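Kindly generate the complete structure, drawing on both the sequences and the hints.
Going line by line, the protein sequences match chains P, R, U and Z. Per this note's numbering, the very first residue in the first sequence carries number 296; after that it's consecutive. Per this note's numbering, the very first residue in the second sequence carries number 296; after that it's consecutive. Per this note's numbering, the very first residue in the third sequence carries number 296; after that it's consecutive. Per this note's numbering, the very first residue in the fourth sequence carries number 296; after that it's consecutive.
Everything labelled a hint here was simulated from the structure, so no lab data went into it. One thing to keep in mind: the hints can contain errors.
Said to hold, decoys possible - Facing chain P, according to a computed beta carbon distance under 8 Å, are these residues of chain U, among others: (1) 352; (2) 376; (3) 414; (4) 422; (5) 424; (6) 446; (7) 477; (8) 478; (9) 508.
To be verified - Computed list of lysine-lysine pairs in DSS-like fashion (alpha-carbon distance at most 27 Å, straight line): (10) P:400 - P:316; (11) R:558 - Z:555; (12) U:548 - R:512; (13) P:515 - U:523; (14) U:548 - P:558.
If you're wondering where the values come from, they're calculated on a predicted model, not measured in any experiment. All C-beta atoms, glycine included, are put in the ideal place defined by N, C-alpha and C.
There are 4 protein chains.
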Amino acid sequence: MTDSFSRSPMIAGEQAKKMPKAAREAIQQVVMANRILSNEGILDALGHVSVRNPVNADTFFQARSISPLEVTPEDILEIDLDGDVVTQTTMKPYGERIIHGAILKARPEMNAVFHGHFAAVIPFSVTNTPIRPVTHVGSFLYQGVPIYDDYEPGEGMLIRTKHEGERIARHLGQHRVHLLRGHGCNIVAENLPRLVASAIHLRDNATIQWQTLLSGKETKYLSPGEAKAAMEIALFGASPIDRMWRYWVARVKRNMPDMKDWK
Amino acid sequence: MTDSFSRSPMIAGEQAKKMPKAAREAIQQVVMANRILSNEGILDALGHVSVRNPVNADTFFQARSISPLEVTPEDILEIDLDGDVVTQTTMKPYGERIIHGAILKARPEMNAVFHGHFAAVIPFSVTNTPIRPVTHVGSFLYQGVPIYDDYEPGEGMLIRTKHEGERIARHLGQHRVHLLRGHGCNIVAENLPRLVASAIHLRDNATIQWQTLLSGKETKYLSPGEAKAAMEIALFGASPIDRMWRYWVARVKRNMPDMKDWK
Amino acid sequence: MTDSFSRSPMIAGEQAKKMPKAAREAIQQVVMANRILSNEGILDALGHVSVRNPVNADTFFQARSISPLEVTPEDILEIDLDGDVVTQTTMKPYGERIIHGAILKARPEMNAVFHGHFAAVIPFSVTNTPIRPVTHVGSFLYQGVPIYDDYEPGEGMLIRTKHEGERIARHLGQHRVHLLRGHGCNIVAENLPRLVASAIHLRDNATIQWQTLLSGKETKYLSPGEAKAAMEIALFGASPIDRMWRYWVARVKRNMPDMKDWK
Amino acid sequence: MTDSFSRSPMIAGEQAKKMPKAAREAIQQVVMANRILSNEGILDALGHVSVRNPVNADTFFQARSISPLEVTPEDILEIDLDGDVVTQTTMKPYGERIIHGAILKARPEMNAVFHGHFAAVIPFSVTNTPIRPVTHVGSFLYQGVPIYDDYEPGEGMLIRTKHEGERIARHLGQHRVHLLRGHGCNIVAENLPRLVASAIHLRDNATIQWQTLLSGKETKYLSPGEAKAAMEIALFGASPIDRMWRYWVARVKRNMPDMKDWK
Numbered sequence: 296m297t298d299s300f301s302r303s304p305m306i307a308g309e310q311a312k313k314m315p316k317a318a319r320e321a322i323q324q325v326v327m328a329n330r331i332l333s334n335e336g337i338l339d340a341l342g343h344v345s346v347r348n349p350v351n352a353d354t355f356f357q358a359r360s361i362s363p364l365e366v367t368p369e370d371i372l373e374i375d376l377d378g379d380v381v382t383q384t385t386m387k388p389y390g391e392r393i394i395h396g397a398i399l400k401a402r403p404e405m406n407a408v409f410h411g412h413f414a415a416v417i418p419f420s421v422t423n424t425p426i427r428p429v430t431h432v433g434s435f436l437y438q439g440v441p442i443y444d445d446y447e448p449g450e451g452m453l454i455r456t457k458h459e460g461e462r463i464a465r466h467l468g469q470h471r472v473h474l475l476r477g478h479g480c481n482i483v484a485e486n487l488p489r490l491v492a493s494a495i496h497l498r499d500n501a502t503i504q505w506q507t508l509l510s511g512k513e514t515k516y517l518s519p520g521e522a523k524a525a526m527e528i529a530l531f532g533a534s535p536i537d538r539m540w541r542y543w544v545a546r547v548k549r550n551m552p553d554m555k556d557w558k
Numbered sequence: 296m297t298d299s300f301s302r303s304p305m306i307a308g309e310q311a312k313k314m315p316k317a318a319r320e321a322i323q324q325v326v327m328a329n330r331i332l333s334n335e336g337i338l339d340a341l342g343h344v345s346v347r348n349p350v351n352a353d354t355f356f357q358a359r360s361i362s363p364l365e366v367t368p369e370d371i372l373e374i375d376l377d378g379d380v381v382t383q384t385t386m387k388p389y390g391e392r393i394i395h396g397a398i399l400k401a402r403p404e405m406n407a408v409f410h411g412h413f414a415a416v417i418p419f420s421v422t423n424t425p426i427r428p429v430t431h432v433g434s435f436l437y438q439g440v441p442i443y444d445d446y447e448p449g450e451g452m453l454i455r456t457k458h459e460g461e462r463i464a465r466h467l468g469q470h471r472v473h474l475l476r477g478h479g480c481n482i483v484a485e486n487l488p489r490l491v492a493s494a495i496h497l498r499d500n501a502t503i504q505w506q507t508l509l510s511g512k513e514t515k516y517l518s519p520g521e522a523k524a525a526m527e528i529a530l531f532g533a534s535p536i537d538r539m540w541r542y543w544v545a546r547v548k549r550n551m552p553d554m555k556d557w558k
Numbered sequence: 296m297t298d299s300f301s302r303s304p305m306i307a308g309e310q311a312k313k314m315p316k317a318a319r320e321a322i323q324q325v326v327m328a329n330r331i332l333s334n335e336g337i338l339d340a341l342g343h344v345s346v347r348n349p350v351n352a353d354t355f356f357q358a359r360s361i362s363p364l365e366v367t368p369e370d371i372l373e374i375d376l377d378g379d380v381v382t383q384t385t386m387k388p389y390g391e392r393i394i395h396g397a398i399l400k401a402r403p404e405m406n407a408v409f410h411g412h413f414a415a416v417i418p419f420s421v422t423n424t425p426i427r428p429v430t431h432v433g434s435f436l437y438q439g440v441p442i443y444d445d446y447e448p449g450e451g452m453l454i455r456t457k458h459e460g461e462r463i464a465r466h467l468g469q470h471r472v473h474l475l476r477g478h479g480c481n482i483v484a485e486n487l488p489r490l491v492a493s494a495i496h497l498r499d500n501a502t503i504q505w506q507t508l509l510s511g512k513e514t515k516y517l518s519p520g521e522a523k524a525a526m527e528i529a530l531f532g533a534s535p536i537d538r539m540w541r542y543w544v545a546r547v548k549r550n551m552p553d554m555k556d557w558k
Numbered sequence: 296m297t298d299s300f301s302r303s304p305m306i307a308g309e310q311a312k313k314m315p316k317a318a319r320e321a322i323q324q325v326v327m328a329n330r331i332l333s334n335e336g337i338l339d340a341l342g343h344v345s346v347r348n349p350v351n352a353d354t355f356f357q358a359r360s361i362s363p364l365e366v367t368p369e370d371i372l373e374i375d376l377d378g379d380v381v382t383q384t385t386m387k388p389y390g391e392r393i394i395h396g397a398i399l400k401a402r403p404e405m406n407a408v409f410h411g412h413f414a415a416v417i418p419f420s421v422t423n424t425p426i427r428p429v430t431h432v433g434s435f436l437y438q439g440v441p442i443y444d445d446y447e448p449g450e451g452m453l454i455r456t457k458h459e460g461e462r463i464a465r466h467l468g469q470h471r472v473h474l475l476r477g478h479g480c481n482i483v484a485e486n487l488p489r490l491v492a493s494a495i496h497l498r499d500n501a502t503i504q505w506q507t508l509l510s511g512k513e514t515k516y517l518s519p520g521e522a523k524a525a526m527e528i529a530l531f532g533a534s535p536i537d538r539m540w541r542y543w544v545a546r547v548k549r550n551m552p553d554m555k556d557w558k
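Next comes the structure, spelled out in structure tokens:
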């Protein structure tokens, strides 16, 4: 199989070098987020993650159409909120980048978006079962996890048109997470560490909740009040979120030889 | 334990060197397919994969009787559709090569066959439960997954006779996948990347579907229409299939030292 | 993300060097316990383990606020039973160190405490289901596993106040393990090898018990009499506990390059 | 923790060097069996495996009391069928070696014994549920898997007395496998490759059968006739058993650096 996505490293790499420091740091961090999500088994060949450009709220950074495992800084494109690639390049973007632009446009207070397909959420999505927080690190789910099922006909369940991007953003509304029936989920957060934590703990909460639900036993979920406090203190507080990010980075460095010396 | 399958590398290797480029590339790709299926936990010691000879539709390439983990280009035999080994060699073929020949004979539009035993399909096969697509990457299952249960007596549930090979091909019919009761599954596809994707996503779809089914909840499977579009666009489209194959190759190179420099 | 927990190795390291040999050995062992619990998948970024100072029953040793994967001897703080850090350092302790101090104060016969969140215990904790021993290595659970649900409002389900520490210690009482609803568990033991064995076998017993319980079949748990004998002989006897600790250490040395030459 | 099992390599190693070639090969193979069972996740710190001495039917070879992961040829003891250590050594044997001697005495046609605790069999053992073959590689289970529950009081569910060894052998009878309630299983086979295959496929069959059983669906197990043929041809036939053993050895060599050059 020939590589149909020829790399133009000079182009993307050279353009990034001329960006302000904050933008270059965001590019570094979105590369690490890709690697973490791959290393922790959250993303495989498919799925993607993005971060808003900190020096231009109307664009975001995201890898070209490759697997998260392979992403390096030279693979990161700058894309505007309508999904048009700003980087001068022939590199191919993800078809579903439209999700990221639409959500970042609708949620100006948020700066990072995840789209993925891990197995744990699918049973909820096809049985219309609400995901609810069963642990303190699943607390961020307390405002509800709606299930999207309004696919554009003929698109193969992919979200690739501007209209469907808008529908997706509207359906997500003020939630942090929604599921796509028979497909996966989208997550939004203030920054990449919170986004990565949300993806990992969504997977874990969903797995635990489904095992619990199979028993048919009455279940005590977190109340909205305790969930809100747990989210702010035990999950997104400075201490736990720093500790988690450091831990995931340490694991990437141990497992991925090309990331060993990541600054 | 002595190695009863003595390697005759000069014989098979020398014969392959004289083949046209397309045939040599097919041999390389079927080696990689073996390694991917081993690396992703789809095949263990048993099970096998084949690809039709691109320069002779009446033969196919398949490893001698060793585990997929160990396969190198020198282990690949050329075999005709009746299961006779064409390569001049003393190397021993798989007993169940008959499955591959029979299916390739009955499906001229297809070029790659998988036979394996991963755990996820067995519960369906022994409870007569239809596998159905629960995700967009399980979409290729939409035409149904029949369950074969017409074993030749005295063969230990193995498919090794010409007659049973024909029964298997007839039972598979125009489907992409069928199960063998209490044994495993056969898969057919247009090429090796699609075949590998089918094996991996069959495993994942079956796992998710069984977890869903244990809940007893009403389940919305993909409709035939959306599954067909999802298969063509989101699974077998050029972009996703290239990304998946690249990803699985990258993982083989990371995990298997002898494959690190695979071109 | 900047490292908000700057390391002061000279300070903690220099102070440890002046301690009696028994204290220095306890520090080494609590480092190894951290690594084992990380390596065996019992702890991820969160959770912690402590050991009483063998030369001062009123203090204990515990890592500063980092993940167990990263802990080295220079990260170990000396903390008193009220949670005040004795080590002269700017390094930040875990917020929930209060659990460790309170339990060690209430249980003078015990010397090691674990707090963690592994998935296997959560379904029990949110459905009010008693964990009971299903195997001889789960025998230590025979005196019952109560479920704590008396969280301090506004603390995000974390145990960080002196009052709640006392409630936790009272709730644990004379048990070896209790669960925290929607959060995790605390474990106490005579020493670190028994504590690590308890954490690992709690996880395994809970996993097996939940799978068993999903079947709805009548289950024969260990009787109190056979559990007590199994705990004393088959789990905490000199031979099995030595063999287990050696095994976990061997795995740490194989998997963590920086621990390869651990004495 | 000090190493209470001091190694006396010169003693055991020197004695082995003087043994006939067949005995030395059996020692090599039982070392590899230990490593395979560790590498495949069948044994952890506990559990053990033995092989009858091919030049003296009244003794068997088994490791001293260490984890299977750590076993080398210098750790192998010669033990008689009453459990007395024949090797002149201070190395400590497993307490439960009595199981191995008693079964080898009662089954002269068999030459290898396994005792272990993997999770998959426990739910069957505590709910009195018969394990039955659901796949062709689980075929060896077709004669039934009785559940032992006649423990010696005060022994902590361990099998360590001569009387209980005899009860165990009687309970196993002419079966290949029996379970020990709330503890694990014993397996017997003609040789080590068949024994290792039996342990791995018992684990896999039990896992699949339990998942199937949770659905409550009517299940078609292998008939005794097809199971017997499958066992003889598809599992223990020369081709599959050689392929499996080679595969497990290849994985040990890849994963365990000290076994890389094993002949």
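- request: Run the structure past the numbered hints and jot down the numbers of the failing ones, going up.
  value: 1, 2, 12 and 13
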